[in-house]
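J.: Each chain, written out:
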Amino acid sequence: MKKIYILWLRQIKRYLRSKSRIVGSLAQPLLFLLALGYGFGSVYQKAGEGNYLNFLAPGIIGMSILFTSVFSGMEVIWDRQFGFLKETLVAPMSRFSIMIGRTLGGATVATLQGVLVMLISILFGFHPASWFALLPAVFIMFLTALLFTSLGTMIASFLDDMQGFQLIMNFLVMPLFFLSGALFPLQGLPTALGIIARIDPLSYGIDALRGLLINAGHYGLGMDILVLGAVTLLFLSLGSYFFKKVQI
Amino acid sequence: MIEVKNLTKKFDDFVAVDNISFQVKEGEIFAFLGPNGAGKSTTIKMLTTLLAPTTGTMTLNGHDPVREPSAVRRSFGIVFQDPSLDDELTAYENMEFHGVLYDVPDKLRRERIEYLLKFVELWDRRDNLVKEFSGGMKRRLEIARGLLHHPKIFFLDEPTLGLDPQTRNSLWNHLKELNKNEKTTIFFTTHYMEEAERIADRIAIIDHGKIIASGTAEELKQKTNTGSLEDAFLSLTGKSIREESASPNDHMRTMRRAHGH
Ligand SMILES: Nc1ncnc2c1ncn2[C@@H]1O[C@H](COP(=O)(O)OP(=O)(O)OP(=O)(O)O)[C@@H](O)[C@H]1O
Ligand SMILES: [Mg+2]
Numbered sequence: 001m002k003k004i005y006i007l008w009l010r011q012i013k014r015y016l017r018s019k020s021r022i023v024g025s026l027a028q029p030l031l032f033l034l035a036l037g038y039g040f041g042s043v044y045q046k047a048g049e050g051n052y053l054n055f056l057a058p059g060i061i062g063m064s065i066l067f068t069s070v071f072s073g074m075e076v077i078w079d080r081q082f083g084f085l086k087e088t089l090v091a092p093m094s095r096f097s098i099m100i101g102r103t104l105g106g107a108t109v110a111t112l113q114g115v116l117v118m119l120i121s122i123l124f125g126f127h128p129a130s131w132f133a134l135l136p137a138v139f140i141m142f143l144t145a146l147l148f149t150s151l152g153t154m155i156a157s158f159l160d161d162m163q164g165f166q167l168i169m170n171f172l173v174m175p176l177f178f179l180s181g182a183l184f185p186l187q188g189l190p191t192a193l194g195i196i197a198r199i200d201p202l203s204y205g206i207d208a209l210r211g212l213l214i215n216a217g218h219y220g221l222g223m224d225i226l227v228l229g230a231v232t233l234l235f236l237s238l239g240s241y242f243f244k245k246v247q248i
Numbered sequence: 001m002i003e004v005k006n007l008t009k010k011f012d013d014f015v016a017v018d019n020i021s022f023q024v025k026e027g028e029i030f031a032f033l034g035p036n037g038a039g040k041s042t043t044i045k046m047l048t049t050l051l052a053p054t055t056g057t058m059t060l061n062g063h064d065p066v067r068e069p070s071a072v073r074r075s076f077g078i079v080f081q082d083p084s085l086d087d088e089l090t091a092y093e094n095m096e097f098h099g100v101l102y103d104v105p106d107k108l109r110r111e112r113i114e115y116l117l118k119f120v121e122l123w124d125r126r127d128n129l130v131k132e133f134s135g136g137m138k139r140r141l142e143i144a145r146g147l148l149h150h151p152k153i154f155f156l157d158e159p160t161l162g163l164d165p166q167t168r169n170s171l172w173n174h175l176k177e178l179n180k181n182e183k184t185t186i187f188f189t190t191h192y193m194e195e196a197e198r199i200a201d202r203i204a205i206i207d208h209g210k211i212i213a214s215g216t217a218e219e220l221k222q223k224t225n226t227g228s229l230e231d232a233f234l235s236l237t238g239k240s241i242r243e244e245s246a247s248p249n250d251h252m253r254t255m256r257r258a259h260g261h
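Protein sequences, first through last, are from chains C and H. The first sequence: position 217 = 217 (this note's numbering), numbered continuously. The second sequence: position 155 = 155 (this note's numbering), numbered continuously.
Note that these hints are calculated values from the structure, not bench results. None of the values given here were measured: they were computed from a predicted structure. Cβ atoms here follow ideal geometry from the backbone N, Cα and C, with glycine treated the same way. Errors might be hidden in some of the hints.
Unchecked claim - Stretch-level coverage of chain H by chain C, calculated; a stretch enters the list once three of its residues show a Cβ under 8 Å from a Cβ in chain C:
1) 38-49
2) 65-74
3) 79-90
4) 94-104
What the hints assert, rightly or not - Taking lysine-lysine and the DSBU-like style, the derived pairs with C-alpha atoms no more than 35 Å apart in a straight line are:
5) Lys86/C - Lys180/H
6) Lys210/H - Lys245/C
7) Lys239/H - Lys176/H
8) Lys118/H - Lys19/C
9) Lys244/C - Lys210/H
10) Lys2/C - Lys176/H
11) Lys131/H - Lys245/C
12) Lys152/H - Lys2/C
13) Lys118/H - Lys86/C
14) Lys25/H - Lys176/H
15) Lys239/H - Lys86/C
16) Lys10/H - Lys86/C
17) Lys210/H - Lys86/C
18) Lys131/H - Lys244/C
19) Lys244/C - Lys10/H
20) Lys10/H - Lys25/H
21) Lys210/H - Lys239/H
22) Lys245/C - Lys25/H
23) Lys13/C - Lys244/C
24) Lys118/H - Lys152/H
25) Lys118/H - Lys2/C
26) Lys118/H - Lys13/C
27) Lys245/C - Lys10/H
28) Lys86/C - Lys152/H
29) Lys13/C - Lys107/H
30) Lys176/H - Lys86/C
31) Lys86/C - Lys183/H
32) Lys2/C - Lys107/H
33) Lys180/H - Lys2/C
34) Lys118/H - Lys131/H
35) Lys10/H - Lys152/H
Only chain H is shown next, with the shape it has when bound in the complex (with noise of 0.2 Å):
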């Protein structure tokens, strides 16, 4: 379903992704792990038609999204690591026009949309404006508002940054349902080890923009010898907390999230 071959994504000089290759088959469930900085966002961007590669090659879903970014577009749902609400909606104004961009029939969208509402309990304050919600509640809409479709793959960058673990929980529930009914492909980045353990068939591990391993939560415990993979992402990726050159995208992530958005 997603297959990737010497993918590389340099920054000026610096490289970010450095010649990555793997392949998801339809219907995993697939975890990408790696410290801060590691190149996660930066690979699913290039996935996501967001980014160009500086080189390597794509496929999602048999297309390439460099040079057919829209039928790439209509094969994935997204729900994004940074903040991606329209403040000035509502959060059902929000779901509203995520689900015309999408091409959800206006009946099952209105259904979809108080489902998920009641789901991820904003049902109430469904006619609030977005700005006047709380960093949990905005990151949960983010995800009701990319369950509203339903794609063949779906990306998650750190879906549950943030939420409390109820939420978390039935967020899974959901996911791994639509995995079954639909073979719905999953690709999601965590930094809860046991989410990943729990969740994922097969994992890769990136660090400083290279997979140093992958395979099975089983696989890499063995490859490590250790009994957790907390312990063998540890024992891969070493123990030093990664410094962030940090963009000003970065920079503006950051000072959102001190001042409480």
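In isolation and in its complexed conformation, chain C is listed as follows (with noise of 0.2 Å):
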């Protein structure tokens, strides 16, 4: 137990030290909400659905989650690059462990992130429906971290060094993210599409910070909360499982 707390330890302290990635990562959120939210909000209007910067902001919270856990399980190789992951790997305690604890610290700074993208966007005029329900949301912030965050461990362990990287942000976070109902709502979708965000575990977290903040699920919490629990604990098991054969 002990162990797993001085894991996740580590990476909240490497996160807060980083002034320049929290800065970093909060402008791009800030820019989609500000450029999106003001610039398509009259035509959103008078297409009847009400306020765009509402419906957008868990968009964009969920957006930073994504981005955030992805990166920061991702770290698993800029560890091996600068060598500490020896240092865990020969210490007396099972790579699961390892896995959780890094885990759970990659998702923490994920959700300290989205909490802070969601104080902005409150900032620049999101009004939730409720104010109990910002607890909730954090939670299921956390649980969709978690689920990114093992994604991205995942594939750390295939990959050798950052080379691969940008070949992830362009064929599978970017995807993720335009595809998830970010940006648009899922109601009446081209067939294809509504498959598609079916299949992308993005949308149901998003899906659930509506339903909670702004009262327009789609798909509805307990959906939401199912498939997030069930795909987060896939994510974690084939992620220990990979994790588990990284040799240096």
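Combine the two chains into a complex, taking the hints into account.
T.: This is how it looks when you write it as structure tokens:
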């Protein structure tokens, strides 16, 4: 337990120390929120759908969680290149605990980032339907973060260096984001897009956030949590399976 | 304490370790010598569960690194040849992290961290981030960290590389004492022949993945009819300089060295 805690603590310390990383990863969500939120606001309103910024904010929170989590998971590659990974791999603890400690740490960092984005959105005009929903929303953020951190760790187990990173960003992370319903409503989508969105686990995270924060869920909160939970378990076990095979 | 039989490691077609066998007894100080690229680090990585062997068997403290990695990991400590610190943590935090992972009890951990950081003269810098350290300071910290828990077997892969003579000396004194008081088995590599001659009970010389000679320093000198271990080494391994087929990791290593990390 204490070992998992110290692995977790390490991730948190690293995050809090890299001020430039915090600021940098807030800039992008902010840009999306302002440009799209204000840009499409009037069109969206005319279509009779209400306030686009309100609709968009949970999507942008989901986006920043997705990016931060996958990146945190993939930090394993960094640790491998800079040599620190060896230090943990020869220590008397199971690979599974190492994976859990790292994943919890990465997920906490991503959740913090999500909360920051939520607060900033509120500052720029996002109105949650109820303030009491914020706490359960943080729980959903953490679950989503856990899912994508394990995915990141799993991917990192296959890659030797950061060269594959760009590939993963363009062919996995970007599609996960754009096809998730972060930017558009899931109702009345063309069949193909609807099916793709249903396969994308991020859809469920963002849908749950919308259900809680603006009372506009599509799949239903129960369904969202079920899918998020199940996929997280799947990725965690796959991730630790592949992480076990990592050699230096 | 360590038994290796017909151990081989291939990277694709390249044979890095070629059918080697040797034994190290409990409480022995064993030096593993060889030119660059001979396969020393690769052997250590296999013994320490970081790399799976292609063929052959090993046991450490009675356990097989392939089938019982957890039991093996509880028996040894290691100082790596390559950097293995977290640059974004302080010196103290790196020590603390290690102590917790190796189950060193709280009180003992604090005492040892203080003792060891003073020992390598980094106590005053304990709250500095490691990325602010010079190459030699990082090396000293890695040594201190390696000594934080007291394992049955100690692997030291070129521990004295880049250390000043003072630190080198006190390191060996410290290790000799551990070896005497706790019967710690010590397995080390070095390119300083006088170090091996002075410290090691027994020596194995490896070249191109094969063990070409082993015995005490005296035996090796007699065998080659030479006056020093250095001459014995040269007579056994030849005088040509080895060109390494560098792996990506090696490139990283050289780059980092070149940038003075
Ligand atoms: N991951 C790897 N992939 C491919 N080749 C490798 C890998 N690791 C090591 N090698 C090769 O195996 C050989 C032995 O390397 P090793 O690191 O064991 O040498 P060494 O005896 O420790 O040398 P040095 O004194 O330079 O540390 C070298 O030719 C090296 O290039
Ligand atoms: Mg080596």
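J.: Could you run down the list of hints and mark each one as holding or not?
T.: Tested hints:
1. 38-49: This one holds; 3 residues, not fewer than the three required, reach chain C with a Cβ under 8 Å.
2. 65-74: Held - the stretch 65-74 of chain H has 3 residues with a Cβ nearer than 8 Å to chain C, which meets the minimum of three.
3. 79-90: Coverage by chain C holds here, the residue count being 9 at a Cβ distance below 8 Å.
4. 94-104: holds (count 7)
5. Lys86/C - Lys180/H: 28 Å, holds
6. Lys210/H - Lys245/C: 27 Å, holds
7. Lys239/H - Lys176/H: 32 Å, holds
8. Lys118/H - Lys19/C: With Cα atoms ~31 Å apart, Lys118/H and Lys19/C stay inside 35 Å; holds.
9. Lys244/C - Lys210/H: 30 Å, holds
10. Lys2/C - Lys176/H: Since the Cα atoms of Lys2/C and Lys176/H sit roughly 32 Å apart, the hinted pair holds (cutoff 35 Å).
11. Lys131/H - Lys245/C: 30 Å, holds
12. Lys152/H - Lys2/C: 23 Å, holds
13. Lys118/H - Lys86/C: 25 Å, holds
14. Lys25/H - Lys176/H: 16 Å, holds
15. Lys239/H - Lys86/C: 33 Å, holds
16. Lys10/H - Lys86/C: 20 Å, holds
17. Lys210/H - Lys86/C: Cα-Cα ~26 Å, so holds.
18. Lys131/H - Lys244/C: Holds. Lys131/H to Lys244/C sits at ~29 Å (cutoff 35 Å).
19. Lys244/C - Lys10/H: Status holds; Cα separation ~21 Å.
20. Lys10/H - Lys25/H: Answer holds: Lys10/H to Lys25/H is near 27 Å, not above 35 Å.
21. Lys210/H - Lys239/H: Holds - the C-alpha atoms of Lys239/H and Lys210/H are around 17 Å apart, at most 35 Å.
22. Lys245/C - Lys25/H: 31 Å, holds
23. Lys13/C - Lys244/C: With a Cα-Cα distance of about 25 Å, the restraint between Lys13/C and Lys244/C holds, given a limit of 35 Å.
24. Lys118/H - Lys152/H: 24 Å, holds
25. Lys118/H - Lys2/C: Holds - the C-alpha atoms of Lys2/C and Lys118/H are around 26 Å apart, at most 35 Å.
26. Lys118/H - Lys13/C: Since the Cα atoms of Lys118/H and Lys13/C sit roughly 25 Å apart, the hinted pair holds (cutoff 35 Å).
27. Lys245/C - Lys10/H: Given that 35 Å is the threshold and the Cα spacing comes to 17 Å, the pair holds.
28. Lys86/C - Lys152/H: Distance of about 19 Å is within 35 Å: holds.
29. Lys13/C - Lys107/H: It holds: about 23 Å lies between the C-alpha atoms, which stays within 35 Å.
30. Lys176/H - Lys86/C: 26 Å, holds
31. Lys86/C - Lys183/H: 26 Å, holds
32. Lys2/C - Lys107/H: 15 Å, holds
33. Lys180/H - Lys2/C: OK: Lys180/H and Lys2/C at ~32 Å, within 35 Å.
34. Lys118/H - Lys131/H: Since the Cα atoms of Lys118/H and Lys131/H sit roughly 19 Å apart, the hinted pair holds (cutoff 35 Å).
35. Lys10/H - Lys152/H: 29 Å, holds
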